[in-house]
Amino acid sequence: MQIFNSWENIRRKKPLIHHITNYVTVNDVANVTLACGASPIMADDLGEVAEITALAQGLCLNIGTLNQRTIPAMLKAAQKADELNHPIVLDPVGAGATVLRTKTAHDILQAVPITCVRGNISEIKALVKGSGNTQGVDAAPADRISTENLTTACTFAKQAAAMLKTTIAITGAIDLVADQNICYVIRNGRPEMSRVTGTGCQCSAITAACIAANPDEPLAAAATAVMAMGLAGELAYENLRPKEGNATYRNRIIDTLCRLTADDLKKGAKYEIR
Amino acid sequence: MQIFNSWENIRRKKPLIHHITNYVTVNDVANVTLACGASPIMADDLGEVAEITALAQGLCLNIGTLNQRTIPAMLKAAQKADELNHPIVLDPVGAGATVLRTKTAHDILQAVPITCVRGNISEIKALVKGSGNTQGVDAAPADRISTENLTTACTFAKQAAAMLKTTIAITGAIDLVADQNICYVIRNGRPEMSRVTGTGCQCSAITAACIAANPDEPLAAAATAVMAMGLAGELAYENLRPKEGNATYRNRIIDTLCRLTADDLKKGAKYEIR
Amino acid sequence: MQIFNSWENIRRKKPLIHHITNYVTVNDVANVTLACGASPIMADDLGEVAEITALAQGLCLNIGTLNQRTIPAMLKAAQKADELNHPIVLDPVGAGATVLRTKTAHDILQAVPITCVRGNISEIKALVKGSGNTQGVDAAPADRISTENLTTACTFAKQAAAMLKTTIAITGAIDLVADQNICYVIRNGRPEMSRVTGTGCQCSAITAACIAANPDEPLAAAATAVMAMGLAGELAYENLRPKEGNATYRNRIIDTLCRLTADDLKKGAKYEIR
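Residue numbers (numbering that gives the first Met the number 0), protein chains in the order written: chain A, 0 to 273; chain B, 0 to 273; chain C, 0 to 273.
Read the hints as simulated data drawn from the structure, not as lab findings.
Treat the hints loosely; a few may be bogus.
Treat identical chains as interchangeable: a pair holds within one or across any two.
What the hints assert, rightly or not - The calculated lysine-lysine pairs, modelled on BS3-like cross-linking and capped at a C-alpha distance of 27 Å, are:
#1 Lys265 - Lys102
#2 Lys102 - Lys75
#3 Lys265 - Lys242
#4 Lys79 - Lys102
#5 Lys12 - Lys242
#6 Lys266 - Lys79
#7 Lys265 - Lys13
#8 Lys266 - Lys128
#9 Lys242 - Lys157
#10 Lys164 - Lys75
#11 Lys242 - Lys13
#12 Lys265 - Lys12
Chain A with its partners taken away, still in its complex shape:
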């Protein structure tokens, strides 16, 4: 279970992560980056993104509230990160929901090699197939991964990784983290996490932190981050008191990540490799 050491490496190396992200969940993204032991910097002006990317050890692009001003900034930051061989995580929020989002995600994927793409199944399908059933920022019910369609879903995840030349992290009721050969099937998490805005964005953020601290093992690092997020959702849920709801749950998830150790992960992670 050596992969969990990658979690401790975040705290040991404290990578600086450059985020170009949406303004809805950006504060949680910053706090979750600090919680897992990394350091966040947010900057999205074309006139400074290359410098910020160069200062950082990893780049996390999230298209959640993309606009005409930030799209070129994302592309410029991606080019600089690629030049410096820094890992890049792409969160294609809402790909498949609008032409602009699908196109922007594609443009980023075509501009430079992306280390990891983390999204829900509908978003990943939209990237692979050019169309999707994305409903707002949630996966379409018809797309959802379950015990019934798991074999097909694992094959799809590996194919998507091959096609997009990246590590793929598909999160939902069951999470799949795959490269073209190996697929981690992860059963951590709680359905109540979907009532907290930004748990997907937060997962992408800790994935970027974990890969930046373990740049030679993006698949294991991404799988660890996805397990950590799901396990934090479980442990935080157990700590909820009567009358607490989604706002406090949000705080407890981040609190839990702040205290989560490699040992906790060893004990709590539920996964198999296919």
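Given the coordinates of chain A, work out where chains B and C should sit on it, guided by the hints.
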């Protein structure tokens, strides 16, 4: 007390709400939308707002940190929502405080029929009279609704609804929700809510969710949402522990909305119809 | 210990503070402004900033996620504030990290007299020396103020105040608040505050509120605000329960500020004057 069923309809129908909103309170707006059972999507680029509006079942426009880029996006989204007969809620944050805010709110009101306008008394006066005493984002003391001026205030609310061709929700120490014929006078809420940023924005968000789930009854739906917000403020306040202040109060209000039922509303709502 | 009265003045005068700030920590900045007794308004469009500044009693400029659209708005707001003799606080987030940030901070400092600059030691060095070791948004280890280099650091703080013609607040493990003659050395705070995003931005916000409520004593007001922030960090830390982490710590710091009195400050402030 049938109006409270409109609250349960949000959870039953889970409407997707498109928000073009300010970046100060956007995270709370997203979490409160999830808390009441709806689903939020934030998008403000001119190149995608029409598609997002079309995917959603309701539109919530909040001019809190409006800018030259987002104003045309708000107008375009409003036009698409009107075309599709989707309800539109407008929160004219700071109308009366600057020419740009008053003008933008007017432009939106003149472009398409707005289902509901939710603001404080100074903002609504600014929209109706073309001038106001708005002080920053708070109502001016001279404008405030009290037991003494209630009859006049109810008449004003009905006139404003008639003039702006909308349902009006005026929130403050006493809340008024009116169309041109009927005015709900609501006495839920706590003065401490004004020390939490964005309780007004949150009220607009759940109003949009409640109207989207009850499109044929905008007045009852808006009244229900305003009562729910006020009641959540009361119940959350009772749950505050020693040493807790406005940050925790914020979380407990959203937590309370997350668990609030139609039964809670029946028990706790304090209103009369005039 | 009369300086602590300046803290109560915020609650007595309830100044309205105009913030042009970053979208990462803006919600916390708004809630902390309310917590200390002031009222926040956020507005960054060139078309309305002068009006908003004129309505307010103080201006807080934070360059955390500056962009080409907001830089001219900051300059325009600064000019209006100067015209009206309103206090201006500048938080030069990331100065020294990029050319754009260093240049923008300089442009603001050269455009009008700034009442107080609050930053970490690397940011202030970047402003004074034209270069810095800023690492992302944190101070460089080599720059940090400690017992060993304290005399030199105090001299530097006074020189920086003289050179930039402002009150300087340098926050870190030891905080220095200085004009050209006097330097407050403040030993409040907790190292864990650096794992909460935006405690620096929050400190700038309450500094702006405290100076706006005490415009004739910017040095004492800034020192009081810096002590209040540090003390809130200490008291909030004592209230943390097992399993709570940086997200709850964030809330408890704001909660503590919401209840902090001049008496608490008298008891808890740890400072000397050099």
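Okay, the hints, checked on the actual structure:
1. Lys265 - Lys102: Intra 39 Å, inter 48 Å, cutoff 27 Å: neither.
2. Lys102 - Lys75: Close inside one copy (16 Å) and across copies (21 Å); limit 27 Å.
3. Lys265 - Lys242: This pair counts as between: shortest inter-copy Cα distance 18 Å, intra-copy 31 Å.
4. Lys79 - Lys102: Both: 21 Å inside a copy, 22 Å across copies.
5. Lys12 - Lys242: Intra 39 Å, inter 24 Å, cutoff 27 Å: inter-copy only.
6. Lys266 - Lys79: Classified as neither; 39 Å inside a copy, 51 Å across copies.
7. Lys265 - Lys13: within (21 Å within a copy, 37 Å between copies)
8. Lys266 - Lys128: Result: close neither inside a copy nor across copies, 37 Å intra and 51 Å inter.
9. Lys242 - Lys157: neither (42 Å within a copy, 37 Å between copies)
10. Lys164 - Lys75: Classified as within: same-chain Cα gap 20 Å, cross-chain 37 Å, threshold 27 Å.
11. Lys242 - Lys13: Between copies only: 22 Å across chains, 36 Å inside a chain, cut-off 27 Å.
12. Lys265 - Lys12: within (21 Å within a copy, 40 Å between copies)
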